[in-house]
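Protein chains in written order, with the working numbering: chain A, 1 to 155; chain B, 1 to 345; chain C, 1 to 283.
Derived by calculation from the structure, the hints in this document are not laboratory data.
Remember, it's a predicted structure, so these values are computed and weren't measured experimentally.
Misleading hints may appear alongside valid ones.
Claimed, not checked - No farther apart than 25 Å at their CA atoms in a straight line, the calculated lysine to any residue pairs in the SDA-like style are these:
1. A/K143 to C/K62
2. B/K28 to C/P240
3. A/K145 to B/S37
4. A/K59 to B/V265
5. B/K35 to B/Y113
6. A/K145 to B/E75
7. C/K195 to A/N55
8. C/K265 to A/R90
9. C/K195 to B/S239
10. A/K120 to A/K145
11. C/K278 to A/K13
12. C/K62 to B/E75
13. A/K145 to B/F80
14. B/K336 to C/I25
15. B/K35 to C/K195
16. B/K229 to C/S39
17. C/K278 to A/K143
18. A/K145 to C/E161
19. C/K113 to B/N137
20. C/K38 to B/E226
Stated by the list, open to error - Ranges of calculated distance between the beta carbons of each label pair, as one might list FRET restraints:
21. B/E114 to C/R199: 27 to 35 Å
22. C/N164 to B/F253: 53 to 61 Å
23. A/N63 to C/L159: 40 to 48 Å
Positions of the beta carbon are idealized from the N, C-alpha and C atoms, including for glycine.
Residues per chain are reported as follows:
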Amino acid sequence: MEEKILTSQFEPKIASFVCTWCTYTGADLAGTSRLKYEPNVRIIRLPCTGRIDYNLIIKAFENGADGILVSGCHPNDCHYSSGNFYARRRFIVFRELLQFIGIDVRRVQFAWVSAAEGAKWAKLVNKFTSEIKDLGQFTNYQKIKRDIFLEEAVI
Amino acid sequence: MKNFKIKNDYKNFVKGLLSLNYLVIAPKYENGILKFSKIKNAAEILSPSEYINTVSSTKEYFFPQTEPVIKFTFEGKEIFLKDVEIGKKPKVVLGLRPCDAASFSILDDIFQYEYKDEFYFTRREKTIIIGAACESNDESCFCTTTGLAPDSSQGADLFIEKNNEEEYFLRAVTEKGERLVEQLIAEVEELEEEPKKNPLYEKIEKQIRKKIDLIEAKKWLDNNFENEKWEELSSQCLSCGSCAYLCPTCHCFDIVDEVNYNSGVRRKNWDACQFDLFTLHSSGHNPRDTKAKRYRQRVMHKFKYYADRFDKTLCTGCGRCIRACPVNIDIYEVVKEFAPLVEQN
Amino acid sequence: MNSISEIAKKLLDENRVSAVVGYSIGSLPNKTKTVIVKSSQQAEKLIFNNLCVNNLAIYLTKSFRLTTQKPVAVVMKGCDVKSVTGLIQEKQIEREQVFIIGVKCNGVSEDGKNLSPKCYSCKLQTPKMYDILVGEEEEKNIEFKNPFSDVEEFEKKSLDERWNFWMNELEKCVKCYACRQVCPLCYCEKCIVDKTVPRWIEPHTSKSSNLSWHITRAFHLAGRCTGCGECERACHHNIPLSLLNKKMAKVVYDNFNYQAGLDDKAKSPLADFKFQDKEDFIR
């Protein structure tokens, strides 16, 4: 079903939900350290990974994201002491649900990136972007969104 | 009006219909449920003896569950409007039971009351309704109460029936229907005499739940807007929309704008009176804030308000709400609470 | 052995409960009707037979303002009691607010012919929690089935097959929200689909918004669904909703060794964590 667009023109859209205390600061560090990394990632800053609602992920897919990167503090580093632990449990379950429905979970990546790990962030983004490039455009989800308008014209 | 015999079998007749370039919609099993769907070849068709009725009604083909009314885009401070196109292909809806066919005469009235609904009528005018008499019934059916019968052709353009010799024939009910049959002359043959009535229909009519006196029901409803019975009748309701969404005549809708950063669409979506959100004002006030009030609205709308306005009931007795209700609220039993049965000889 | 109607009559006469929620004879041959009985005269209506599929726990949160002085009595099968356990666990009701008339159940049927799917993997003929117990246990000669067998079967399909399967199934959804309304654990005062600012799930029906709704429903019930199967029964378009719920139950059981509705003191798995939870999927 999934058409692969493997030409060099395909630039995936990646939405990234990160926690403000660790990963966002880490990404900032990557910038101030003049590390060069793929520009496909759009960063959305949230207070904590514990705040990352699964609906954000669904909405991002609905609006055309090809991949989603969720990142926050390492275990025991959470600014709110346990937000990332709750998030970890939630993602264990949510990943399985996506897989069960038929969504390729390689498109949703979780990571721990601390405020000091600017280099890890840059590497992570590069690796994830190239993986999504290999997977191609997420046509399955984008197609059902388009279908809304096509079907109505028939009746 | 004329009557026509179907020369070969029912499937050949449908084949003829498909060759006329109509979009044919008929009962079909899809993903495990029987519903009105697009028919691509005649082999998929079910003959009128093969089903009682579909899970959902045909109203979705005239008044879709969700329908864009207008599309718009923003550029700077300007807003550009764009009309929505409706499918142009003529349609034939085939195999509707009398209860579904009759729903159109009800919906036609409401969709031109005070304001003519362009979307509904564009679809309605392009569509030919072919009804089919019932060859079986179940415990939920109560069409006789609403003045229908297993072989009543009200609302249909053409009507399929079995004659005394168990052969299908077409009854042209409207001119629109007759014009369609004229195009199908290879498949049909005009009958000189009025065909003899098949006794099956009378038998089924007797099997259907006894007729309730709806005039009496209305009289009771006229005087009992405030009555503790409503509380009791609705106490087990769970406020889902099954009854309203499957009903061939329920027509409440809600208008919603779905907006992105530079474009949007205004949609008409089905609404159901049993939902908590039904008639909720933006102030937070809801005139129908309890289950009892919402259930009263449902019964009153069907058997009183609509009767006041159009002298008809907003119910055709198809029994879908009874089959679907998860807690077995039975509108027939509810009406029977306050109205007597009609004496039958 | 007292029958349900006698017990209900006694409870109402002695003024011990404010109402009795139970089953009565339905209007269709293969259905029973749920009733809320408030006076002892009406108590005669109450019955119990193999058609009593409904999970009456739903009425505890939807129909009453519960008090400890005068509880509400509810007729409950073993599987239904699990929902009450869930509600107590999540602090929606207190144990003293309900009077459970437990019934020994020998399997129920939705259509009068076939046993309800949930009964094949049920080990709770006698409820785990009750105030009074009615009925007799029969020798059960139902072949016990692994509750997750269909989930495991489904997981063997390829990604695209699964996606196409759900697209076909979810396309049928008309958003009547019967699945939400019959669910004893869907007690939110305002459901996420009814919220307009922000609008997470569009109210229209389409593959994408139906998918969002069903992901939401399944995920909100992860680790909470007790498998009563009411959502699937209420769905007149036969969407296999239990399959999603069972998958969630399986994930929660495999990863956190937790089963919903068995312990009213336990913490809900998604409101809890352990340091050693798996993180092999996190980079």
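So, going through the hints one by one against the coordinates:
{"no.": "1", "hint": "A/K143 to C/K62", "in the structure": "39 Å, violated"}
{"no.": "2", "hint": "B/K28 to C/P240", "in the structure": "20 Å, holds"}
{"no.": "3", "hint": "A/K145 to B/S37", "in the structure": "22 Å, holds"}
{"no.": "4", "hint": "A/K59 to B/V265", "in the structure": "18 Å, holds"}
{"no.": "5", "hint": "B/K35 to B/Y113", "in the structure": "29 Å, violated"}
{"no.": "6", "hint": "A/K145 to B/E75", "in the structure": "23 Å, holds"}
{"no.": "7", "hint": "C/K195 to A/N55", "in the structure": "13 Å, holds"}
{"no.": "8", "hint": "C/K265 to A/R90", "in the structure": "21 Å, holds"}
{"no.": "9", "hint": "C/K195 to B/S239", "in the structure": "17 Å, holds"}
{"no.": "10", "hint": "A/K120 to A/K145", "in the structure": "34 Å, violated"}
{"no.": "11", "hint": "C/K278 to A/K13", "in the structure": "29 Å, violated"}
{"no.": "12", "hint": "C/K62 to B/E75", "in the structure": "47 Å, violated"}
{"no.": "13", "hint": "A/K145 to B/F80", "in the structure": "23 Å, holds"}
{"no.": "14", "hint": "B/K336 to C/I25", "in the structure": "16 Å, holds"}
{"no.": "15", "hint": "B/K35 to C/K195", "in the structure": "31 Å, violated"}
{"no.": "16", "hint": "B/K229 to C/S39", "in the structure": "15 Å, holds"}
{"no.": "17", "hint": "C/K278 to A/K143", "in the structure": "34 Å, violated"}
{"no.": "18", "hint": "A/K145 to C/E161", "in the structure": "19 Å, holds"}
{"no.": "19", "hint": "C/K113 to B/N137", "in the structure": "19 Å, holds"}
{"no.": "20", "hint": "C/K38 to B/E226", "in the structure": "20 Å, holds"}
{"no.": "21", "hint": "B/E114 to C/R199: 27 to 35 Å", "in the structure": "30 Å, holds"}
{"no.": "22", "hint": "C/N164 to B/F253: 53 to 61 Å", "in the structure": "31 Å, violated"}
{"no.": "23", "hint": "A/N63 to C/L159: 40 to 48 Å", "in the structure": "22 Å, violated"}
When the structure is compared with the earlier hints, violations turn up for hints 1, 5, 10, 11, 12, 15, 17, 22 and 23 and for no others.
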